[in-house]
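Colleague: Please arrange chains B and C on chain A, whose structure you already have, making use of the hints.
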Amino acid sequence: MKHYVSMEDFHAGEIQSVLSLAKEYEKHKIPMQNKEIFAANLFYEPSTRTKSSFEVAERRLGLSVIPFEVNHSSVQKGETLYDTVKTFEAIGCNLLVIRHPETDYYKDLIPSLNIPLINGGDGSGQHPSQCLLDLYTIQKEFGSFKGIKVLIAGDLKHSRVARSNARALSMLGAKVFFYSPAEWVDEELLQWGSFCQIDDILPIVDVAMMLRVQLERHTETGHIDDYHQQYGLTLERAKRMKSGSIIMHPAPVNRDVEIAGPLVESPQSRIFEQMRNGVFVRMAMIDSLLQKWGIGTNENTAKERTMVGW
Amino acid sequence: MKHYVSMEDFHAGEIQSVLSLAKEYEKHKIPMQNKEIFAANLFYEPSTRTKSSFEVAERRLGLSVIPFEVNHSSVQKGETLYDTVKTFEAIGCNLLVIRHPETDYYKDLIPSLNIPLINGGDGSGQHPSQCLLDLYTIQKEFGSFKGIKVLIAGDLKHSRVARSNARALSMLGAKVFFYSPAEWVDEELLQWGSFCQIDDILPIVDVAMMLRVQLERHTETGHIDDYHQQYGLTLERAKRMKSGSIIMHPAPVNRDVEIAGPLVESPQSRIFEQMRNGVFVRMAMIDSLLQKWGIGTNENTAKERTMVGW
Amino acid sequence: MKHYVSMEDFHAGEIQSVLSLAKEYEKHKIPMQNKEIFAANLFYEPSTRTKSSFEVAERRLGLSVIPFEVNHSSVQKGETLYDTVKTFEAIGCNLLVIRHPETDYYKDLIPSLNIPLINGGDGSGQHPSQCLLDLYTIQKEFGSFKGIKVLIAGDLKHSRVARSNARALSMLGAKVFFYSPAEWVDEELLQWGSFCQIDDILPIVDVAMMLRVQLERHTETGHIDDYHQQYGLTLERAKRMKSGSIIMHPAPVNRDVEIAGPLVESPQSRIFEQMRNGVFVRMAMIDSLLQKWGIGTNENTAKERTMVGW
Numbered sequence: 140m141k142h143y144v145s146m147e148d149f150h151a152g153e154i155q156s157v158l159s160l161a162k163e164y165e166k167h168k169i170p171m172q173n174k175e176i177f178a179a180n181l182f183y184e185p186s187t188r189t190k191s192s193f194e195v196a197e198r199r200l201g202l203s204v205i206p207f208e209v210n211h212s213s214v215q216k217g218e219t220l221y222d223t224v225k226t227f228e229a230i231g232c233n234l235l236v237i238r239h240p241e242t243d244y245y246k247d248l249i250p251s252l253n254i255p256l257i258n259g260g261d262g263s264g265q266h267p268s269q270c271l272l273d274l275y276t277i278q279k280e281f282g283s284f285k286g287i288k289v290l291i292a293g294d295l296k297h298s299r300v301a302r303s304n305a306r307a308l309s310m311l312g313a314k315v316f317f318y319s320p321a322e323w324v325d326e327e328l329l330q331w332g333s334f335c336q337i338d339d340i341l342p343i344v345d346v347a348m349m350l351r352v353q354l355e356r357h358t359e360t361g362h363i364d365d366y367h368q369q370y371g372l373t374l375e376r377a378k379r380m381k382s383g384s385i386i387m388h389p390a391p392v393n394r395d396v397e398i399a400g401p402l403v404e405s406p407q408s409r410i411f412e413q414m415r416n417g418v419f420v421r422m423a424m425i426d427s428l429l430q431k432w433g434i435g436t437n438e439n440t441a442k443e444r445t446m447v448g449w
Numbered sequence: 140m141k142h143y144v145s146m147e148d149f150h151a152g153e154i155q156s157v158l159s160l161a162k163e164y165e166k167h168k169i170p171m172q173n174k175e176i177f178a179a180n181l182f183y184e185p186s187t188r189t190k191s192s193f194e195v196a197e198r199r200l201g202l203s204v205i206p207f208e209v210n211h212s213s214v215q216k217g218e219t220l221y222d223t224v225k226t227f228e229a230i231g232c233n234l235l236v237i238r239h240p241e242t243d244y245y246k247d248l249i250p251s252l253n254i255p256l257i258n259g260g261d262g263s264g265q266h267p268s269q270c271l272l273d274l275y276t277i278q279k280e281f282g283s284f285k286g287i288k289v290l291i292a293g294d295l296k297h298s299r300v301a302r303s304n305a306r307a308l309s310m311l312g313a314k315v316f317f318y319s320p321a322e323w324v325d326e327e328l329l330q331w332g333s334f335c336q337i338d339d340i341l342p343i344v345d346v347a348m349m350l351r352v353q354l355e356r357h358t359e360t361g362h363i364d365d366y367h368q369q370y371g372l373t374l375e376r377a378k379r380m381k382s383g384s385i386i387m388h389p390a391p392v393n394r395d396v397e398i399a400g401p402l403v404e405s406p407q408s409r410i411f412e413q414m415r416n417g418v419f420v421r422m423a424m425i426d427s428l429l430q431k432w433g434i435g436t437n438e439n440t441a442k443e444r445t446m447v448g449w
Numbered sequence: 140m141k142h143y144v145s146m147e148d149f150h151a152g153e154i155q156s157v158l159s160l161a162k163e164y165e166k167h168k169i170p171m172q173n174k175e176i177f178a179a180n181l182f183y184e185p186s187t188r189t190k191s192s193f194e195v196a197e198r199r200l201g202l203s204v205i206p207f208e209v210n211h212s213s214v215q216k217g218e219t220l221y222d223t224v225k226t227f228e229a230i231g232c233n234l235l236v237i238r239h240p241e242t243d244y245y246k247d248l249i250p251s252l253n254i255p256l257i258n259g260g261d262g263s264g265q266h267p268s269q270c271l272l273d274l275y276t277i278q279k280e281f282g283s284f285k286g287i288k289v290l291i292a293g294d295l296k297h298s299r300v301a302r303s304n305a306r307a308l309s310m311l312g313a314k315v316f317f318y319s320p321a322e323w324v325d326e327e328l329l330q331w332g333s334f335c336q337i338d339d340i341l342p343i344v345d346v347a348m349m350l351r352v353q354l355e356r357h358t359e360t361g362h363i364d365d366y367h368q369q370y371g372l373t374l375e376r377a378k379r380m381k382s383g384s385i386i387m388h389p390a391p392v393n394r395d396v397e398i399a400g401p402l403v404e405s406p407q408s409r410i411f412e413q414m415r416n417g418v419f420v421r422m423a424m425i426d427s428l429l430q431k432w433g434i435g436t437n438e439n440t441a442k443e444r445t446m447v448g449w
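Chains as they are written, first to last, in the numbering used here: chain A, 140 to 449; chain B, 140 to 449; chain C, 140 to 449.
It should be emphasised that the hints constitute simulated quantities derived from the structure, not laboratory data.
One or more of the hints may lead you astray.
Identical copies look the same in the list; a pair holds intra-copy or inter-copy alike.
To be verified - No farther apart than 25 Å at their CA atoms in a straight line, the calculated lysine to any residue pairs in the SDA-like style are these:
id, residue 1, residue 2
1, K216, F411
2, K381, E228
3, K162, S203
4, K216, D325
5, K314, S159
6, K378, D395
7, K381, Y221
8, K166, G201
9, K246, E322
10, K216, S333
11, K296, S405
12, K378, A151
13, K296, G217
14, K381, L220
15, K381, P185
16, K314, G264
17, K288, I363
18, K216, Q368
19, K378, E228
20, K246, R394
21, K381, L252
22, K246, V403
So here's chain A without its partners, still in its complex pose (with noise of 0.2 Å):
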């Protein structure tokens, strides 16, 4: 694997080791980059979490970060992201993070490609650092992924994080369930768990994993103002979660929406948890894939730094 574009490429073992090394990331051991390495984050959507998260990961390694903002760029004069990226590689870079609208976007660019490139996100198809994080976050709280039960709920058909997660999560030994409205269902899933109602399967689910529901993408109104009552996680329901069990969300959240707003930050919740193991999960990624391409960290010269905070 030579590019971290869809979780379909990778199987339990690499997993795993992504999940040891942010482990320790997580522990403090910052093996800092001893050569000049140059990063750059190629987001053609908006986004707070992933980007920002990437950088600070990039930033931890001692990478240097060259900024890009599509309204600013060639791209305003028709260049396509074959050459965009084309011209990243020429100038020197070498690690690309891209998120782009089309699904499969990096398939045309893989061929040519001479720098190892991370997906942050395609269309409706792969956001493998998101999944990552996720499977780190509910392996810090269980130990395990064997028999943990995990529900994902709301707009199945148009998630990137849905499909990865339940393919994951289902080969590393966890039970998946679904739920959605009718419209929103995606029968594709069902190879990795079963279908189900959210009053039924709430009361035993060790994680209940709330998807966001697009507003940006779905303008019909008044769809919105029943969703949380009829599919979204409302304090009642929360309230007949198990105890030790948690909630999840990729976010931003719709507080009120597909979640309750006082539910975000309850005690039960791990979304700001998630977004702070994504900077960890982040950094294991890139490591791992400089490593692959001989041109990461060289333990013996790695020094620690102290961080902050952590």
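Modeller: Just chains B and C, lined up with the frame of chain A:
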């Protein structure tokens, strides 16, 4: 004071402590951070001076700055300020500087915030770093505030600067005068000084502090054409100012509206000097705030660096 | 020459001096700055290549780059270029790179500017770093300029590149030819070379330098459809080029308009090589300009760093 959000929170001793630290920075003493500290500047309104000045201050102190552009962030997907702020906290940010169009935006944030916040301007509310750099500029010029006469003239009603400066100057022993068009008088200000006519007061003041006409908020044309002659600092008026007196302005300047173009870089003007001072003052604010939180410089290990052009 | 704003200011010796320094950089000699030096890239027009390339060059030299995005700056409040530039000078910036749509924008700035300026492109005027990287690419290929035959073809009238390149190439001993649609002929260019028909000249030139059709400025559709066959470098035309000859383009490329898509990455093309060379050339420009101002590298203390992928 765990956050620097409002000049209302500063007593005279705290102001002097920041100004003294800024003076140390101006004299080349740069205590480098020996820890990895991340800052983010979340600017929800356009800014050149304040944003870039904080950026330079942060880097001179050795901090790593995480980029954020509101137009390319999840704010576009409806994410609230609160959730954006908590996201930056979660991914390991150690200091936030925020500018936001909503007055008092910080009041809802502070109860849940676990990292220090500096207010870079809130609506028509506070702008403490601008106030402190104005004070620094006056103290540097006159040695002290006792008996210094300061005219604050222009859009008193919508200015973030007028109120903070009036209160602080009065508290530190200066004598404050106000002048503005009738519709921009702000009664509340009169507790810290007296309203007067610009032509009467200009010959006796030590400082003429001209405020910016916010052309982007006041679109009634016609008014602007007369503004300069009636309310602005014209070349003729400037000639009647006393020897040793100075002209200040928070910038950006509307040349030939609130101030005659040639005055901006005249020997009497401290407008670009204010910007230069702003970097030292912001370094002092950041450093003293980080020290309050226990994440600042370890003085024993602080190293001096050679700075260019200081 | 205190600023690099126009190729008109360069005589042959100065060009060779920058090209030689660039060659040193390409051979891994990286004199690190041992001082804190701040640069800002003020780009008032979209750019990927030039902006990112300057950014990489600055960082490789150890400079700290202050971000600036025109859409989020006080330019939105009507601040002039002059005041923005003087602001960056005031807050401690030591080097400016500016791209601006107004031809000759720099002429009003220079008399008041106390820090070095590199012109990153002005309207239909100059673009010295592009010219120097083109020269570098040709010299690297052919060893010298003496007798090298170069065709410059395309939108001669609006090109920042055509004039600078024609003049410099002619001065350095190359023989220059021009070709363009009738409405884009520029009489002034003919002092440095002769106009000819593309099909006549292609078989004898060493370099075919194709210019970009600025689709964003020329919206008359219909014209573009014929452009490739009539004026562009088609696959058929490329086949008639002589052995050892190369194809150049400043990019971004309009594939199948000024140049056939498959030629962009063909063995004959130096288009991505030009981008790669651009970083070395910009490092050389920055370094030699900083040295002229006495704020550059102290050679005795310069350290070499390991660079990845060079």
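Colleague: Give a verdict on every hint.
Modeller: Evaluated hints:
1. K216 <-> F411: between (38 Å within a copy, 18 Å between copies)
2. K381 <-> E228: Result: close neither inside a copy nor across copies, 50 Å intra and 29 Å inter.
3. K162 <-> S203: both (23 Å within a copy, 23 Å between copies)
4. K216 <-> D325: For K216 and D325, the Cα distance is within 25 Å only across copies (24 Å; inside one copy 38 Å).
5. K314 <-> S159: within (22 Å within a copy, 62 Å between copies)
6. K378 <-> D395: Classified as within; 16 Å inside a copy, 62 Å across copies.
7. K381 <-> Y221: neither (49 Å within a copy, 29 Å between copies)
8. K166 <-> G201: both (17 Å within a copy, 24 Å between copies)
9. K246 <-> E322: neither (29 Å within a copy, 41 Å between copies)
10. K216 <-> S333: neither (47 Å within a copy, 31 Å between copies)
11. K296 <-> S405: neither (28 Å within a copy, 42 Å between copies)
12. K378 <-> A151: neither (34 Å within a copy, 51 Å between copies)
13. K296 <-> G217: Intra 31 Å, inter 21 Å, cutoff 25 Å: inter-copy only.
14. K381 <-> L220: Cα proximity of K381 and L220: none, with 47 Å in one copy and 32 Å across.
15. K381 <-> P185: This pair counts as neither: shortest intra-copy Cα distance 36 Å, inter-copy 48 Å.
16. K314 <-> G264: For K314 and G264, only the intra-copy Cα distance (22 Å) is at most 25 Å; the inter-copy one is 53 Å.
17. K288 <-> I363: Answer is neither: 28 Å inside a copy and 59 Å across each miss the 25 Å cutoff.
18. K216 <-> Q368: between (46 Å within a copy, 22 Å between copies)
19. K378 <-> E228: Neither, since 52 Å and 28 Å both go past 25 Å.
20. K246 <-> R394: So K246 and R394 pass the 25 Å test across copies only (20 Å; inside, 35 Å).
21. K381 <-> L252: neither (48 Å within a copy, 30 Å between copies)
22. K246 <-> V403: between (36 Å within a copy, 20 Å between copies)
Violated hints, listed in ascending order, are 2, 7, 9, 10, 11, 12, 14, 15, 17, 19, 21; each of the other numbered hints is respected by the structure.
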